[in-house]
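In the order they appear, the protein sequences are chains C and F. Position one of the first sequence corresponds to residue 1 (the UniProt record's numbering), numbered consecutively onward. Position one of the second sequence corresponds to residue 1 (the UniProt record's numbering), numbered consecutively onward.
Misleading hints may appear alongside valid ones.
Repeated chains share a single entry, so a pair holds when one copy, or any two copies, can fit it.
In silico DSSO-like links for lysine-lysine, alpha-carbon gap of 30 Å or less [unchecked claim]: (1) K258 x K270; (2) K272 x K114; (3) K258 x K272; (4) K114 x K209; (5) K258 x K114; (6) K270 x K114; (7) K270 x K209; (8) K258 x K209; (9) K209 x K272.
These are computed hints drawn from the structure, not numbers from a lab. On a predicted model such as this, the values are computed, not experimentally measured, just so you know.
There are 2 protein chains.
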Amino acid sequence: MQKTDDVIRVAFLGPPGTFSHAAVDRAFSEDGRTLDYHSVASIDDVFLDVEAGQSDFGVVPVENSTEGAVNTTLDCLIDTSLSIVGEVFIPIEHNLLLQPGADMVDVRRIVSHKQSLGQCRLWLRSHYPDIELLDVSSNAEAARLAAEDPSTAAIAGLKAAELYGLNVVVAGIQDRRNNTTRFLTLARVRNTQPSGADKTSIIVYAENKPGSLFRLLEPFDRFQVSLTRLETRPARDDMWSYVFFIDFEGHSDDAAVKQVFSQLTERVVKIKNLGSYTRASS
Amino acid sequence: MQKTDDVIRVAFLGPPGTFSHAAVDRAFSEDGRTLDYHSVASIDDVFLDVEAGQSDFGVVPVENSTEGAVNTTLDCLIDTSLSIVGEVFIPIEHNLLLQPGADMVDVRRIVSHKQSLGQCRLWLRSHYPDIELLDVSSNAEAARLAAEDPSTAAIAGLKAAELYGLNVVVAGIQDRRNNTTRFLTLARVRNTQPSGADKTSIIVYAENKPGSLFRLLEPFDRFQVSLTRLETRPARDDMWSYVFFIDFEGHSDDAAVKQVFSQLTERVVKIKNLGSYTRASS
């Protein structure tokens with residue numbers, strides 16, 4: 001991630017205050033340069049913005065520990081020329097937020113994104129069974145509404161609380177513990193320096209015939225390269241054929257990984273190397 | 001699917017006129033018994049309705065050739081006690097529909113589900129760039145609106161056209177050809193008769209350690225049992241561990257499949273057999 005400028009521009013799925021926004025902070029927490037946050041309207045737009053050179057980096061969600069793969073991101077990775085240069089894990093923690101000085105006894109409605117209301121359903125039912133629930137376009141929008149009106153409480157993450165100057169009335173109100181989202185950092189230039197604790201992501205196009213998945217996994221087993229994830233998506237050009245997204249431990253400069261690549265090349269139609277990057281702890 | 005009654009009740013994702021409704025017709029086209037269609041509000045409700053014995057069968061979408069897996073269905077399959085007893089493929093064809101006697105020159109708006117409008121975007125832009133587009137809750141609802149108003153055209157499938165007495169003005173207007181959805185038929189009782197052209201679906205819970213996916217695929221390779229699909233979903237009880245949905249050719253009564261099961265049992269934590277059923281052609 002070497003760059004001479006002191007300011008770097010990072011595109012993410014907005015509005016400001018989302019968990020993607022928090023992921024940008026985490027991804028660049030040790031970078032030292034000043035961040036120019038660029039909030040865009042969709043995951044596709046994050047890719048386009050970085051590809052066009054309007055932002056230096058992009059941050060996108062790729063997987064949630066409960067909900068699984070973010071398909072839009074996987075489909076964008078098929079077409080993109082960008083490389084993955086990093087990953088971060090962000091715990092999806094919901095909090096009940098209020099204006100400073102406001103009191104829950106005066107609250108008449110709780111607002112949040114529909115999905116967040118759903119993730120706090122049991123908690124809301126047992127604590128505030130009689131308050132109106134209103135779903136809005138994002139948790140950040142909910143926080144904005146709470147900042148304007150003392151009778152409105154928002155459910156959102158800490159980043160939104162910070163941004164809209166709200167107090168955390170109750171922290172961690174989501175029904176399911178251990179809900180974490182993995183985000184990827186994308187850039188136009190590949191990060192080629194091994195850190196000693198790396199991960200590599202590839203897309204494999206295999207022949208649509210019996211045993212092809214088994215044969216493409218065999219080199220990983222032979223050279224003791226550990227798969228961390230395998231995801232299947234439809235190949236857009238051929239009905240009922242698939243591409244495989246494979247994450248594994250190691251860097252593409254490692255001897256074992258080079259051997260895996262060499263054997264894979266003989267067994268599959270095409271490999272797209274998305275990049276090697278430092279492994280994050282969840 | 002033996003049952004003495006002459007009427008069978010089938011639950012599906014409604015409202016009537018959806019592609020799920022068309023899948024029910026296709027799935028039971030050779031059944032001979034009278035169908036009592038039971039339209040429910042969600043995929044979860046299809047499972048619940050059949051589990052509770054209120055319907056004899058349920059029909060749910062499991063995979064689209066362009067969009068990939070239907071995650072809600074996969075997650076319901078983890079928890080259900082139901083078996084898969086059949087599959088059908090339904091081409092997702094969109095048509096421009098009007099009241100009989102109405103004329104496109106009088107049409108002021110085209111209505112459909114947001115996703116369908118998106119799937120016909122290029123066609124709409126080149127043929128009707130100036131007509132208002134309105135998204136509604138389902139294609140069936142769009143058809144209902146067109147049946148009430150000659151200045152409204154709907155985009156929907158043939159089932160909706162038939163149900164609401166609409167004429168097909170232009171057929172097959174979706175931008176992408178080869179868009180097909182695979183549906184499963186579910187029942188409380190397992191269908192145990194091999195047909196000679198069968199498929200089996202299982203869920204495999206593997207240990208979260210290096211090489212486990214490779215080891216669980218090995219028996220399929222050894223006994224020449226062809227995988228037709230592998231899908232990954234998060235295991236709900238353990239963060240960043242996964243369950244594998246595997247479809248393969250053959251019936252659980254086949255000798256080769258029995259050997260695969262026997263070897264798999266020694267290699268994985270748990271196998272859930274979802275059932276064997278006659279393979280459908282796409």
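Taking the hints in turn, this is what the structure says about them:
no.	hint	result
1	K258 x K270	within (16 Å within a copy, 34 Å between copies)
2	K272 x K114	neither (36 Å within a copy, 33 Å between copies)
3	K258 x K272	within (14 Å within a copy, 37 Å between copies)
4	K114 x K209	neither (42 Å within a copy, 35 Å between copies)
5	K258 x K114	neither (46 Å within a copy, 45 Å between copies)
6	K270 x K114	neither (40 Å within a copy, 35 Å between copies)
7	K270 x K209	both (15 Å within a copy, 27 Å between copies)
8	K258 x K209	both (26 Å within a copy, 22 Å between copies)
9	K209 x K272	both (20 Å within a copy, 25 Å between copies)
Checked against the numbered hints above, the structure breaks hints 2, 4, 5, 6 and satisfies the rest.
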